[in-house]
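Student: Mind docking chain B on chain A? Use the hints.
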Amino acid sequence: MAKTSNYIPQDSPIDRMHPMVKIYAIFCLGLSALLFPYFLFSYAIVIVLFIVAGIAKLLKRFSKFIIGFTIPITIMLMFIQGLYSPKNETILMDFGFARLGLEGVVIALNIIGTLLVFLGTFYLMTTTTYTGKLVAALVQSGMSVKVGYLILASLNVVPQMQRRMSIIKEAQVARGVETEGGLLARFKAFIPLLGPVVMSSLTDAQERGMTLETRGFAVTGIKPTTYVQVNESPSDKLIKAILILFFLASAGSSLVLRFVL
Amino acid sequence: MEETVLEIKNLSFKYQDSKKRVFEGLDFSVKKGEFICIIGPNGSGKSTLCNSLVGLIPYYFTGKWGGNVIVNGINTKDSSIAELSRQIGFVFQNPFNQLSYTAGSVAEELAFGLGNMGVPRSEMLKKVDKVAKLMRIDHIIGKNPLELSGGQVQRVAFGSTFIMEPQILVLDECTTQLDPLGSEEIFDIVKELNKSGVTVVMVDHDMERVARCADRILVIAYGKQIAIDTPEKIFSNLDMASFDVDIPDFVTISKILKERGYYKGEITIDEASAVNAVKEVLA
Chain A
1367 MAKTSNYIPQ DSPIDRMHPM VKIYAIFCLG LSALLFPYFL FSYAIVIVLF IVAGIAKLLK
1427 RFSKFIIGFT IPITIMLMFI QGLYSPKNET ILMDFGFARL GLEGVVIALN IIGTLLVFLG
1487 TFYLMTTTTY TGKLVAALVQ SGMSVKVGYL ILASLNVVPQ MQRRMSIIKE AQVARGVETE
1547 GGLLARFKAF IPLLGPVVMS SLTDAQERGM TLETRGFAVT GIKPTTYVQV NESPSDKLIK
1607 AILILFFLAS AGSSLVLRFV L
Chain B
175 MEETVLEIKN LSFKYQDSKK RVFEGLDFSV KKGEFICIIG PNGSGKSTLC NSLVGLIPYY
235 FTGKWGGNVI VNGINTKDSS IAELSRQIGF VFQNPFNQLS YTAGSVAEEL AFGLGNMGVP
295 RSEMLKKVDK VAKLMRIDHI IGKNPLELSG GQVQRVAFGS TFIMEPQILV LDECTTQLDP
355 LGSEEIFDIV KELNKSGVTV VMVDHDMERV ARCADRILVI AYGKQIAIDT PEKIFSNLDM
415 ASFDVDIPDF VTISKILKER GYYKGEITID EASAVNAVKE VLA
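If you're matching them up, the sequences are chains A and B in order. Using the numbering used here, you'd call the opening residue of the first sequence number 1367 and step up by one each time. Using the numbering used here, you'd call the opening residue of the second sequence number 175 and step up by one each time.
Pulled out of the complex, with its shape left as it was, chain A reads as follows:
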């Protein structure tokens, strides 16, 4: 199957998993991390995600993605929450211009943990799920075909724009525009590319509409079918049930921890 968007074809059980299971994982794990009052819970889920990434044969890419996201977001949130949170009472360090508070650090760690769970599950879903399969699964679950098209078209926008950009770049190089060299030269070459890329993308949108209609996209009174087929196996059903139970258990224990104890 050809590669589109972020999907990296791999022969792994995660790749073969029904796309809806991965959608359930995003929401069940993400919401559990969001509701649970202790940040260590979120990081425990992130460790599980690393194991899942290993099974999916994507550990290196997943690690790079998580590190790439964690470093800047941690610096930013530690600065905002750690130094300037109004809830700061227990001072950990005094920098003179600002003081690092424990309460702010905990808030920052909570936010980072929750974001990592949401982004990590979403990343694993997009890299292990063929987009055609994802949309077929969503349509089978009752989603409108038009919304399905919107998702697929959005996921395919990047490769299309890249293709168009390289065509325009080649045309400009052929007419003597310098596109290689230092940062400044490349930046100068990039600016004139933007206009044609944006304008042609807008024209494309109209042409796309015409194509879709001439191929019967908006035809009424027919239940559309899909070429890509997705089947839910017993193990998919089991994982889905476990995810739901996990969410219910963590939501329940969150309520107890927050309001009872």
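It is worth saying that the hints were derived from the structure and are not from the lab. All of these numbers come straight from a predicted model, not from anything done at the bench.
Derived coverage of chain B by chain A (criterion: at least 3 residues anywhere in the stretch with Cβ under 8 Å from a Cβ of chain A; other residues may be distant):
no., stretch
1, 255-265
2, 271-281
3, 284-297
Straight-line alpha carbon distances no greater than 25 Å define the calculated DSS-like cross-link-like pairs of lysine-lysine that follow:
no., chain 1, residue 1, chain 2, residue 2
4, B, 304, A, 1499
5, B, 369, B, 304
6, A, 1589, B, 301
7, B, 251, A, 1512
8, B, 398, B, 183
9, A, 1512, B, 301
10, A, 1499, B, 317
11, A, 1423, A, 1603
12, B, 238, B, 188
13, A, 1499, B, 301
14, B, 317, A, 1423
15, B, 365, B, 206
16, A, 1589, B, 300
Restraint-style ranges between C-beta atoms, simulated for each label pair:
no., chain 1, residue 1, chain 2, residue 2, range
17, B, 415, A, 1532, 39 to 45 Å
18, B, 325, A, 1512, 28 to 34 Å
19, B, 365, A, 1586, 33 to 39 Å
For glycine and all other residues, C-beta sits at the position ideal for the given N, C-alpha and C.
Tutor: Leaving out everything else, chain B in the frame of chain A:
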């Protein structure tokens, strides 16, 4: 009496930002199973006419529209383009415009229209397989359409229209990306479809092919319908050079022989009849 599948009644169109009409007073009808070729100089409105036949005008291109286009008894004004697509298939001039841009493989691209029409998957698979072999794209069936060459995309574009099995096929200069051999292959398929009863309306600049394939030729130039008739009558009666249209060599041969008094037969429009005419002169 043969069934009329396309009726164009006093059709005129002017684009919104244009000062003059692309064409006016187009009036002709097409019978079931006919092969009609549209010829004329650049800017004469051939593509605009094609867009009108499939309903893209007036729905997508705004402007001043007059007259009627009736497809299998349905006035295009009263139907959506999608509904019309059940009757009429359109192959765009630019094959990249034919792609859905949602398919991850050629197979999915071919099946896109069938899915919209609710064709069951088992039937879809058979049709995709058949069309992929017919269009000689079976070796790239798993490839992403965005990774293909222009010629390959053109074949996919054709396939994605043929697979819908339309009763009427509109082809707008649709072999521009193909080499001569590939182009001939596609036209052989179009001819086969025409023989099986599919009505074909085609815009093409290859006059030898037009003369060979068409049952009738529609000539439009300077915004007017100049003539619609058989290739023999069109090429023998009209001064095609005045409409910036090339005359096939086979026609020129018999015309010159006729003008010089060596040949008294009909104007020749294909290789075989031109050879016979020359043989007659030499005998």
